Structures are given as structure tokens and as C-alpha cells.
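Here the structure of chain A is known, so what remains is to put chain B in place on it, guided by the hints.
Chains as they are written, first to last, in the working numbering: chain A, 1 to 325; chain B, 1 to 325.
To be clear, the hints were calculated from the coordinates, so they are not data collected in a lab.
If chains are identical, the list can't say which one is meant, so a pair holds when it fits in one copy or spans any two.
With a cut-off of at most 25 Å between alpha-carbon atoms, the simulated SDA-like pairs for lysine to any residue come out as follows: (1) Lys240 to Tyr175; (2) Lys56 to Glu104; (3) Lys298 to Asp272; (4) Lys295 to Leu154; (5) Lys295 to Phe83; (6) Lys240 to Gly184.
Quick caveat, the model's predicted, so the values are computed rather than measured.
Number of protein chains: 2
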Amino acid sequence: MKPEVQSMKNYFIGLDLGGTNIRAAAVTQEGEILHRVKIPTEVPLGRERVIANILKIIDTIRQETKGLKLSAIGMGIPGIIFFDKGIIAQSPNFPDWIDFNLKERLEKELNIPFFIDNDANLAAIGEGWIGGGKGFDNFCMLTLGTGIGGGIILNKKIWRGEYGMAGELGHITVYPDGYPCNCGNRGCLEQYASATGIVRMAKEELGVRSSELGEKNITADMVYQLAKNGDRYSLEIFQKMGRILGIGIADIVNILNIEVFILGGGVAEAWDYFIEYTREEIRRRTYRVTGERVKVIKAELGDDAGIFGAAYMAMKNRDSYHFRC
Amino acid sequence: MKPEVQSMKNYFIGLDLGGTNIRAAAVTQEGEILHRVKIPTEVPLGRERVIANILKIIDTIRQETKGLKLSAIGMGIPGIIFFDKGIIAQSPNFPDWIDFNLKERLEKELNIPFFIDNDANLAAIGEGWIGGGKGFDNFCMLTLGTGIGGGIILNKKIWRGEYGMAGELGHITVYPDGYPCNCGNRGCLEQYASATGIVRMAKEELGVRSSELGEKNITADMVYQLAKNGDRYSLEIFQKMGRILGIGIADIVNILNIEVFILGGGVAEAWDYFIEYTREEIRRRTYRVTGERVKVIKAELGDDAGIFGAAYMAMKNRDSYHFRC
Numbered sequence: 001m002k003p004e005v006q007s008m009k010n011y012f013i014g015l016d017l018g019g020t021n022i023r024a025a026a027v028t029q030e031g032e033i034l035h036r037v038k039i040p041t042e043v044p045l046g047r048e049r050v051i052a053n054i055l056k057i058i059d060t061i062r063q064e065t066k067g068l069k070l071s072a073i074g075m076g077i078p079g080i081i082f083f084d085k086g087i088i089a090q091s092p093n094f095p096d097w098i099d100f101n102l103k104e105r106l107e108k109e110l111n112i113p114f115f116i117d118n119d120a121n122l123a124a125i126g127e128g129w130i131g132g133g134k135g136f137d138n139f140c141m142l143t144l145g146t147g148i149g150g151g152i153i154l155n156k157k158i159w160r161g162e163y164g165m166a167g168e169l170g171h172i173t174v175y176p177d178g179y180p181c182n183c184g185n186r187g188c189l190e191q192y193a194s195a196t197g198i199v200r201m202a203k204e205e206l207g208v209r210s211s212e213l214g215e216k217n218i219t220a221d222m223v224y225q226l227a228k229n230g231d232r233y234s235l236e237i238f239q240k241m242g243r244i245l246g247i248g249i250a251d252i253v254n255i256l257n258i259e260v261f262i263l264g265g266g267v268a269e270a271w272d273y274f275i276e277y278t279r280e281e282i283r284r285r286t287y288r289v290t291g292e293r294v295k296v297i298k299a300e301l302g303d304d305a306g307i308f309g310a311a312y313m314a315m316k317n318r319d320s321y322h323f324r325c
Numbered sequence: 001m002k003p004e005v006q007s008m009k010n011y012f013i014g015l016d017l018g019g020t021n022i023r024a025a026a027v028t029q030e031g032e033i034l035h036r037v038k039i040p041t042e043v044p045l046g047r048e049r050v051i052a053n054i055l056k057i058i059d060t061i062r063q064e065t066k067g068l069k070l071s072a073i074g075m076g077i078p079g080i081i082f083f084d085k086g087i088i089a090q091s092p093n094f095p096d097w098i099d100f101n102l103k104e105r106l107e108k109e110l111n112i113p114f115f116i117d118n119d120a121n122l123a124a125i126g127e128g129w130i131g132g133g134k135g136f137d138n139f140c141m142l143t144l145g146t147g148i149g150g151g152i153i154l155n156k157k158i159w160r161g162e163y164g165m166a167g168e169l170g171h172i173t174v175y176p177d178g179y180p181c182n183c184g185n186r187g188c189l190e191q192y193a194s195a196t197g198i199v200r201m202a203k204e205e206l207g208v209r210s211s212e213l214g215e216k217n218i219t220a221d222m223v224y225q226l227a228k229n230g231d232r233y234s235l236e237i238f239q240k241m242g243r244i245l246g247i248g249i250a251d252i253v254n255i256l257n258i259e260v261f262i263l264g265g266g267v268a269e270a271w272d273y274f275i276e277y278t279r280e281e282i283r284r285r286t287y288r289v290t291g292e293r294v295k296v297i298k299a300e301l302g303d304d305a306g307i308f309g310a311a312y313m314a315m316k317n318r319d320s321y322h323f324r325c
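Bound-form chain A, shown alone (with noise of 0.2 Å):
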């Protein structure tokens, strides 16, 4: 027998910097979460300040990790983001971070590996990993929030497209004369099946009948209480925004003949109230042979699934690393 050597165990940080939190945690290659840590990102304070938060908060968590050994890190961006380079080429979050290559910056501090990607299609490569596209070779991740982020996996690996800008998946067109979307598009899925989408459609709705949404201040939230308690528009809100939906994700079925869809984001919570919708759309719009086919499922990971899926990036990434020194 050879005599075992002793290691120390490996852990990956999966980041997720948000416009006005950092989310970080420690992962194990299987899939364990070992500690957490969420701080503000605080974006007023300008660059170097948060570029002190990312590293305050690994900082922290290697604190709280001694005797392990940190291999690489992986964080997410809402954003143009070109993963092969690490650069921020643009992000909502970070208006005057215009090419930006973090990687290179953080590299050089840290002396670790260093990833990034968008958000979005992090969010898809967590669930691929340990979460509800396990096991699939092909699947498109939806995340229905205050927008659509999307993420497109096609032979287990994230498809970025030639300029990392693969997976706008919000900004498909729905109707051509809609409502004007803040890309410069109208009609634009996101103005739809996102929380903003719903909350406009309540407001619409308001105007040309009475429903117990109150007048002011509406949130998705607010549509969606009223739907479990039988709020009749509120109902009808969620079934329009299910169909819509319905129609995008026909589009990427008879694009792509991809047969799973993943649904994550606060307005995925409302499923019981709109999936049936989205089902028959996609039949409607599919061939019977493949429409039949397709499966939409939940998400699994919540809002953790971009932390797993920048840890599992930087671990598959590391051994293309070269220290820039």
C-alpha cells in the first residue's frame, strides 16, 4: 500500500455582486456550502470601495475556513461581462466600470484564480450542477425577477455566444408594437413575465376596471396575495403572463429543439397560478413532436443558485489558470 498523503481539503468562493449587496460563500467541490457572508456592496462609494468589499469579504471567509485550502473564486455580474478575459465591459450595476478587467486586478492581489461571468448564466451553470438541471445535457434557465436574466447550457456547457451576450432571453421580441422596453426594443418578454411586467399589467388593468388592487404602490407581491385569495384580474394577470412566457419559450423550443426550461426568480414563486398557461402556449406554438416533449420545471437553489454556480465555474476554470505576474 502507499502511505496516504495528508491534504489539505480544497474550497472554492462563488460571489455574487449585486448593485447593492455582496454574497459570497465558501464551497466544497461536492456542493456543500461550509460558511456564508453578505455585506453591502456600497456602489456610491465608488470602485476601489467595492473593490475593498470584494476583498474584506473573502477576506472574511478564509478567516473562517482555516485548515482548508482556497482554490479558486468565481463571481457573478449582472451585465456584459467577457469571461475568457475578466473583463466588465458593462454592467447596469457599475455604470462607469467600462472595461474593467477585475480579473487581472483581483488576480494580482490575490494571488488566486479569479473568475467572472454573468450573473445569469451562473445562475444556470448552479442549477446545472446540484440544482433542477442536474442530469440534463440541454437546458435554458429562466430567471423571472425585476427583469429575465437567461442562461443556455447546451452540451453541459453555458453557451455565451461570440460576445458573452448569448441568453438575452428577456428581450425577445413578444409583440412587435408593445410596450416599450428599456433596451430601445418594444414588446420585449421581460416588459411581461418579469415583476415589473406584472405590475405594469396591474396598473393597465386598473384603468379599465375595478379589482381589489389598490391603486398606488403596487408590487408583484401585492398581485400575487391577491391571486391566492381569488382575486379574479389578479388571476388573470398571472395566466397573461403565463401564456407570454408560453410564447418566448416556444421561440427558443422551435430555435433550439432544447427540452428542458428551468424557472427561477421571485415571480416563479406564483407557478401554481400561471405554469398551466405557459405549458399550453408552448404546445400551441411547438411541433407536436417536440411541444410534447418539453418539460418546465422549478429552479432549485433559489438565490443561492449563482454563488454554486460561480464556485463550480472557478473549480472547472482553475487548471486554465496562469498567474499574471
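Quick look at chain B alone, frame taken from chain A:
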């Protein structure tokens, strides 16, 4: 010096199994056509007759290419084709050929590797080999004919999807409540941006205002000829067609961040009358950074794209072939 071994030069046959004609060509490894043949398919005379015709066309080509070695044969067929198994699951041209293993049948007869795939996939493969897609890792081909065929190349490979049904680009929904489509959906891209769509839009036009278009037996080519002569309504039809095509392409850009789109088929002949509208709509409905990088270009191989693609597929797959006896 080693003595040179005198070996026969290889060639491949690419076939296109249409509802009216079978077209075939002997193609070299360099993409040169040595000989081509076209004979009637004779669908009404039954499956055995069609198979006999396929064998006849192959035999004719072999007679004409004596001294060369036929290495493998590829054939494109519209419909749901299972490339891996060589099965025609369902084809609009051959309604009674359900789940028919054409590969097995013909390999037994010929003792030569025989492969089948969806005709639109093979057109994309052909254009990628020696046509408009040459040199691009990722592109999407749309054949604008009676309907719309689609083929998607990702990382230099055709993307077939889970069930061989990827690339049904004609069935992207552009108007959720639009024209009914044969597929069961409404408002499919194919109902606007194909020859069928142009004819219908032209007829619709007649209902509301006068035009130089005759009232009966309108064809897409008639609309094209009138547009050439400056007929305002015919020009408007192509503008509308171009815009709607742009909506569909923008969806693909938002989903996949592909940058190259190749347009073939008869309708693409009217290029000058629609292309600017297509490009404008793509820019309008995608993020600036992705949209401005999109190239929409002309297919280069015309009707031969599928034949070249079939030959190339046969060439690339012959090593995976194991003869069943």
C-alpha cells in the same frame, strides 16, 4: 523516397430528395462537382419506386465516374430526420414513410456508408463548407422559399437539438395573434417572410387599395417583378417582409448572440428591396453592442447548398460508419 502508392481518387455523392425531383451530384473532397443528375422522384408510385429511383440516380453517377472511388453518400430530406439512426421520422413529402430506416435499407443494397439529414441542416452545412458561411464558427442559415428552412451552426457543427428538430426558424412567433400557420401556431415568421407570405400579403393589399398587382394567381415572383418596376405597393410588401424577417433574426441574436446570418432561397433574390429593413429591425431589437456586429449576407450556393452539404456530411461521417450485415 518512399514509392508512391497509386490509389483511386475518392468522391462523394450528395443527394436532395425533393417532392418532385431527386437531384444528385458527384462531389470531390475539394468541393468540385464532377457530374450531376436530376430525375423525377415519382412519389405517387410508392416508396419502393422512390427507392428504386434513388438507386438508379446513384448508379448513373457511378457509371459516369468510373476510375474514381465512391466513399460515402449523403442525402437531404425535408421533415423530421434522425441523423444518428438514419430514420425518416416524418416528412411532408412522404406522408406514409413514418419512422422508416432509409439508411439501413440503402446501406444493405449499396454496401457504402449512407447518411441522411434534414435538408435545411444540409444547406447550412454546404454554405459553411464552401459558401457564404465559410470561415465562420457560428452562423445561422435561413432558406426563404415556399416556407422557411433553418440551420444553425454552433462551433462549426450543425446544432440538431434533442430530437433533430432545431432550426425551425420559420415557426418563430412574430405576431401572437397573426395569420394561422400550417404548424398549428399563429403569426409564424414563415407566414410573412416566405414566398407564401408575400403572396398572401399581396392579396391582402388588393383588398384595401388598388395596385398594379393583378387580382388572380399572384406569385411571389410577380410581386418581385412589379417591385423592380417601381410599383409602390409591391415595394411596401417587401419592406414589410424585410422588417418581419428582422424581428425573427433579432430573436435569434438575443437568444444565441450569433453574428452571421445567411439568407438563401428564391425570396432572397429580392435582396435590394428588403435587406435594409431587415438590418434596421435587427438593430432596433437587439442591444447596440450585439446588433451592430450582426452581418446579414447572401447565400452563395443557390439550389446546390443542400447537395454540397450532403456530400460534406457523408465525407465527415464515413469513418463513423459500420456496415450492418
